[in-house]
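Asker: Letter by letter, the chains look like this.
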Amino acid sequence: MKILVLLKRVPDTAARIRVAGDGLHIDPSGVEYVMNPYDEIAVEQAIQWKEAGRAEEVKVLCLGPKEATKEIRTALAMGADSGILLVDEAPARDAPSTAESLAEAVKEGGFDLVLCGWKAVDTDDGAVAHFLAAHLEVPCVTFATKIEPGEGSLTVHREVEGVEEVVEVPLPAVVTVQKGLVEPRYTSLKGIMMAKRKKLEERSAAAAEPRIVVRKMSPPPERPEGRIVGVKALQVY
Amino acid sequence: MSNGVLAFAETADSGLKKSAWEVVGAGARLAEELGSSFSAVIVGEDTTDRAAELGRCGVPRIYTVEDPALARYTSDGYSAALAAAVERAEAEIILLPATAMGKDLGPALAARISAGIITDAVEVSAPDGGLVAVRPVYAGKTRITVAPAAAPVVVSLRPNVFEPAAEGEGEAEVIALAPGFGDGAIRTVVKDVLAPEVRKVDLTEADIIVSGGRGMKGPEHFHLVEELAEALGGVVGASRAVVDAGWRPHSEQVGQTGKTVSPKLYVALGISGAIQHLAGMSSSRCIVAVNKDPEAPIFQVADYGIVGDVFDVVPALIAAVKEKVSS
Ligand SMILES: Cc1cc2nc3c(=O)[nH]c(=O)nc-3n(C[C@H](O)[C@H](O)[C@H](O)COP(=O)(O)OP(=O)(O)OC[C@H]3O[C@@H](n4cnc5c(N)ncnc54)[C@H](O)[C@@H]3O)c2cc1C
Ligand SMILES: Nc1ncnc2c1ncn2[C@@H]1O[C@H](COP(=O)(O)O)[C@@H](O)[C@H]1O
Numbered sequence: 001m002k003i004l005v006l007l008k009r010v011p012d013t014a015a016r017i018r019v020a021g022d023g024l025h026i027d028p029s030g031v032e033y034v035m036n037p038y039d040e041i042a043v044e045q046a047i048q049w050k051e052a053g054r055a056e057e058v059k060v061l062c063l064g065p066k067e068a069t070k071e072i073r074t075a076l077a078m079g080a081d082s083g084i085l086l087v088d089e090a091p092a093r094d095a096p097s098t099a100e101s102l103a104e105a106v107k108e109g110g111f112d113l114v115l116c117g118w119k120a121v122d123t124d125d126g127a128v129a130h131f132l133a134a135h136l137e138v139p140c141v142t143f144a145t146k147i148e149p150g151e152g153s154l155t156v157h158r159e160v161e162g163v164e165e166v167v168e169v170p171l172p173a174v175v176t177v178q179k180g181l182v183e184p185r186y187t188s189l190k191g192i193m194m195a196k197r198k199k200l201e202e203r204s205a206a207a208a209e210p211r212i213v214v215r216k217m218s219p220p221p222e223r224p225e226g227r228i229v230g231v232k233a234l235q236v237y
Numbered sequence: 001m002s003n004g005v006l007a008f009a010e011t012a013d014s015g016l017k018k019s020a021w022e023v024v025g026a027g028a029r030l031a032e033e034l035g036s037s038f039s040a041v042i043v044g045e046d047t048t049d050r051a052a053e054l055g056r057c058g059v060p061r062i063y064t065v066e067d068p069a070l071a072r073y074t075s076d077g078y079s080a081a082l083a084a085a086v087e088r089a090e091a092e093i094i095l096l097p098a099t100a101m102g103k104d105l106g107p108a109l110a111a112r113i114s115a116g117i118i119t120d121a122v123e124v125s126a127p128d129g130g131l132v133a134v135r136p137v138y139a140g141k142t143r144i145t146v147a148p149a150a151a152p153v154v155v156s157l158r159p160n161v162f163e164p165a166a167e168g169e170g171e172a173e174v175i176a177l178a179p180g181f182g183d184g185a186i187r188t189v190v191k192d193v194l195a196p197e198v199r200k201v202d203l204t205e206a207d208i209i210v211s212g213g214r215g216m217k218g219p220e221h222f223h224l225v226e227e228l229a230e231a232l233g234g235v236v237g238a239s240r241a242v243v244d245a246g247w248r249p250h251s252e253q254v255g256q257t258g259k260t261v262s263p264k265l266y267v268a269l270g271i272s273g274a275i276q277h278l279a280g281m282s283s284s285r286c287i288v289a290v291n292k293d294p295e296a297p298i299f300q301v302a303d304y305g306i307v308g309d310v311f312d313v314v315p316a317l318i319a320a321v322k323e324k325v326s327s
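As given, the protein sequences belong to chains C and Y, one line each in that order. Mapping to the numbering used here: the first sequence position 38 is 38, numbers consecutive. Mapping to the numbering used here: the second sequence position 136 is 136, numbers consecutive.
For reference, chain C alone in the conformation it holds in the complex (with noise of 0.2 Å):
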């Protein structure tokens, strides 16, 4: 099995989120980026398949701006064989022009099986997978929490609404995973090493037309005044 795993670098989730003085977009400056926490996860799953000798080759691709080789090279120090990265400064994007720039990259990869988050922690929109489906021609199966690679396809359960759906899903396919599938491991001091030594290559991003135009990015409601109060007082009927 091929794998390519799809990384996305979004704000660390303990970040405070201020907005910049555009009103468009968030303010970067002390916000630390890390490696989306349901991406690490699907790059868990793909290396310990390649440890188990189920999967030939672990690749990860990234469609961000240039500071995001840290969290490709995160990927490869856990264990992924090589990277690339599309190089993209646009501050944000929406989810149809995301897939329809990174499946041209997927596409000459002749990947078996694509791997990501069933959202990204900064957009919340749990989209892009879907597109990138319908761009690759290919099925796409949602919320992962177990995968068993079978004969030319997989056995996916995925959660959904309190209970557990089993479905088998030919190959190739798109799966995004959710949490509960496999912990991801801690980077090591040799797998930082080995990981200056793999393949990381930039290329840049091709342009695409987004669909959905922010007019003015805002902080949330803010909340009335709590009380502090007793177990009696509580009227919460």
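Mixed in with the good hints there might be a few duds.
Unchecked claim - Within a straight-line C-alpha distance of at most 25 Å, the following computed SDA-like cross-link-like pairs (lysine to any residue) qualify: (1) Y:Lys191 with C:Ser218; (2) C:Lys146 with C:Glu168; (3) C:Lys2 with Y:Arg187; (4) C:Lys146 with Y:His250; (5) C:Lys50 with C:Asp124; (6) Y:Lys200 with C:Ser218; (7) Y:Lys259 with C:Val160; (8) Y:Lys259 with Y:Arg61; (9) C:Lys216 with Y:Lys191; (10) Y:Lys17 with C:Asp124; (11) Y:Lys259 with C:Arg18; (12) C:Lys70 with C:Trp49; (13) Y:Lys17 with Y:Arg285; (14) Y:Lys259 with C:Gly162; (15) Y:Lys292 with C:Ala14; (16) Y:Lys18 with C:Glu161; (17) C:Lys199 with C:Pro220; (18) Y:Lys17 with C:Val166; (19) Y:Lys17 with Y:Ala231; (20) Y:Lys264 with C:Ser218; (21) C:Lys2 with C:Glu89; (22) C:Lys146 with Y:Asp202; (23) Y:Lys292 with C:Gly230; (24) C:Lys107 with Y:Ile113; (25) C:Lys216 with Y:Lys217; (26) Y:Lys259 with C:Glu32; (27) C:Lys70 with C:Glu201; (28) C:Lys216 with C:Lys50; (29) Y:Lys217 with C:Asp81; (30) C:Lys146 with Y:Tyr73; (31) Y:Lys191 with C:Gly152; (32) C:Lys146 with Y:Arg72; (33) Y:Lys259 with Y:Asp303; (34) Y:Lys17 with C:Gly162.
Hints in this document: simulated from the structure, not taken from any laboratory.
Position chain Y with the ligands against the provided structure of chain C, taking the given hints into account.
Answerer: Frame of chain C, contents of chain Y with the ligands only:
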């Protein structure tokens, strides 16, 4: 003008879901503001009865798609069914709920019909003749106001936020569509559904959530969380700390890397209120927090805070709620 609004009314075994009424309510108001046509679509089984029920709220036209291939939800099957309705209705704005199903179906449909997508919207309106939506991003740490650059656009609506359509005396024109599902139209096969003994309401759609954190001290004390949830008619949630410790299943995690929830009532028991947890629940209508540390950040978002030990407070709360319910 062919700028119709189409609302997907989600159904479950038990019939129309609560979110169906919310999406239809929001769709009717939006269509009126836009001065465009409005219709709804129902997919799956028993669509005739369900269309009659939904028609009572005054939606003028309902498309139904019933086919053995749609007995179970699949992205391919349902997105193809909706695409047929979009075409027939000449819809340019398609609304669906951001439920577990909608989170898959929205992008699948948008990709199929080459539409733009706005996910998890909390406001939709047409202030200057075109659709404008507001949605939280960065797990609710900020929000964006967005508009489509071109038609069509698929918009998913966050559950529990929009005013549901009221049932009345209406009767809709019902149009059955039969797009046909040939070989290879549905590329995934649902092999099995592993359901727990009691099937619970999904957290994202629950009206009332009672969550426990590390302050509950161990999985053996979660019966208190469960009892309070049951007394209130709600479901159980959890912080990541207790999920990672293996006390509770992943599906119960609330927060930035768990479920984003907006219930009417959110009760946090022994949860500190880390930024990632707050991100997932701070848009709840009413928040009640119990924590023994008066400085715990959860109190910054709580409407009602109780400073105390969960092992004293929660049994008292359970008793108080039970008394209130029985009286
Ligand atoms: C990438 C990333 C993603 C994350 N995503 C999430 C997420 O989605 N959801 C999430 O919840 N967290 C998330 N976290 C973790 C988050 O940072 C916190 O570690 C976690 O929320 C803490 O859980 P807690 O409040 O149960 O535990 P603690 O922080 O340990 O808090 C326990 C609280 O219980 C109180 N307490 C103790 N004993 C009692 C008692 N007897 N009675 C009353 N109160 C008591 C204490 O005062 C304390 O405030 C994430 C972290 C990272 C790094
Ligand atoms: N810019 C990007 N580069 C690489 N992968 C991405 C990018 N944006 C999204 N993805 C992938 O698509 C998943 C879902 O993202 P989204 O649909 O934006 O929530 C992420 O978890 C990534 O795996």
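Asker: When you check the alpha-carbon spacing of Lys259 of chain Y and Asp303 of chain Y, does it fall within 25 Å?
Answerer: Given pair Lys259 of chain Y, Asp303 of chain Y holds - Cα atoms ~21 Å apart, limit 25 Å.
Asker: Against the 25 Å threshold, does the CA-CA distance of Lys200 of chain Y and Ser218 of chain C hold or violate the hint?
Answerer: Given that 25 Å is the threshold and the Cα spacing comes to 35 Å, the pair is violated.
Asker: What's the verdict on Lys191 of chain Y and Gly152 of chain C, does the C-alpha distance respect the 25 Å limit or exceed it?
Answerer: With Cα atoms ~16 Å apart, Lys191 of chain Y and Gly152 of chain C stay inside 25 Å; holds.
Asker: Would you check the hint for Lys107 of chain C and Ile113 of chain Y, treating anything up to 25 Å between C-alpha atoms as holding?
Answerer: 21 Å, holds
Asker: Given the hinted pair Lys259 of chain Y and Val160 of chain C, is their alpha-carbon gap at most 25 Å?
Answerer: Judged against 25 Å, a Cα distance of about 12 Å means the pair holds.
Asker: What's the verdict on Lys264 of chain Y and Ser218 of chain C, does the C-alpha distance respect the 25 Å limit or exceed it?
Answerer: The given pair, whose Cα atoms are some 23 Å apart, holds under the 25 Å limit.
Asker: What's the verdict on Lys2 of chain C and Glu89 of chain C, does the C-alpha distance respect the 25 Å limit or exceed it?
Answerer: This hinted pair is violated, its Cα atoms lying about 29 Å apart.
Asker: Given the hinted pair Lys17 of chain Y and Arg285 of chain Y, is their Cα-Cα distance within 25 Å?
Answerer: Holds, because 20 Å separates the two Cα atoms, which is no more than 25 Å.
Asker: Does the structure keep Lys50 of chain C and Asp124 of chain C at a Cα separation of 25 Å or less?
Answerer: 29 Å, violated
Asker: Would the pair Lys146 of chain C and His250 of chain Y pass a check requiring their Cα atoms to be no farther apart than 25 Å?
Answerer: 13 Å, holds
Asker: Take the C-alpha atoms of Lys17 of chain Y and Val166 of chain C, compute the straight-line distance between them, and say whether it is at most 25 Å.
Answerer: Holds, at about 23 Å.
Asker: Does the alpha-carbon distance linking Lys2 of chain C and Arg187 of chain Y stay inside the 25 Å limit?
Answerer: Holds, at roughly 20 Å.
Hints 1, 5, 6, 8, 9, 17, 21, 25, 28, 29, counting from the list given before, are not met by this structure.
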